[in-house]
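A.B. asks: Chains as they are written, first to last, in my numbering: chain A, 1 to 114; chain B, 1 to 110.
The hints are simulated quantities; they were obtained by calculation from the structure and are not laboratory data.
Take every hint as true, because none was put in to throw you off.
With the Cβ distance kept under 8 Å, some of the chain A side facing chain B (calculated, not the full set):
#, residue
1, Ser31
2, Gly42
3, Pro43
4, Phe45
5, Asn100
6, Lys102
7, Leu103
8, Ser107
Mimicking DSSO-like on lysine-lysine, the simulated pairs with C-alpha atoms at most 30 Å apart in a straight line are:
#, chain 1, residue 1, chain 2, residue 2
9, A, Lys102, B, Lys22
10, B, Lys9, A, Lys102
11, B, Lys57, B, Lys9
12, B, Lys15, B, Lys73
13, B, Lys22, B, Lys65
14, A, Lys102, A, Lys30
15, B, Lys57, A, Lys102
16, B, Lys57, B, Lys15
17, B, Lys73, B, Lys22
18, A, Lys30, A, Lys52
19, B, Lys73, B, Lys57
20, B, Lys65, A, Lys102
21, A, Lys102, B, Lys73
22, A, Lys13, A, Lys52
23, B, Lys9, B, Lys65
Because the structure is a prediction, the values reported are computed rather than measured.
Heads up, the beta-carbon is just placed ideally off N, CA and C, and yes, glycines get one too.
The lines below spell out each chain.
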Amino acid sequence: DAGVTQSPTHLIKTRGQHVTLRCSPISGHKSVSWYQQVLGQGPQFIFQYYEKEERGRGNFPDRFSARQFPNYSSELNVNALLLGDSALYLCASSLEGIANEKLFFGSGTQLSVL
Amino acid sequence: AQRVTQPEKLLSVFKGAPVELKCNYSYSGSPELFWYVQYSRQRLQLLLRHISRESIKGFTADLNKGETSFHLKKPFAQEEDSAMYYCALRGTGTASKLTFGTGTRLQVTL
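Work out the full structure: start from the sequences and follow the hints.
C.D. replies: Written out as structure tokens, the structure reads:
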């Protein structure tokens, strides 16, 4: 079991650019969630997707968007990057994305915006 | 609104000493509470959750609704317990949305 995989592991962008982060859930998991972890803080919820539909959205601007594909992998897109978007972006997967399920986290993508 | 507070950024204890990592929460309904751990160079992983009432690696946590707390305890700290610990809350009907605290780094020294 490869676990949740995220790519790339590190990324450097400049202000105003666009970035796409990718996540592959554990085989059999249909729900993917995205979290942003700024240095010194706990992870903060961005999105949850299940069966290609958005199930939940955190308090993030419209510059953040995501989608889920038929194979349950997911992309997180961030437009018009700001310095404050520099963070570790975590992806988590679960079977059905319902309460009482265990979440499995990936190792994250470290995004640096210069 | 839901909030999780971990008042200590760093907790340093000697090997064999008792450990208590504090967690307080704010939520109007009946939350699910969790402790996640991140060891050096490893991914974030679930340590335990209150609904299971289990002990993992010697750690326990009891949900105290009166004090809105979910403190993590271990009677005798081990070197391998050194890690970053996050308390998290999941509200009713919020599926995968977890609200995390800022984390406490536990440092166990000889």
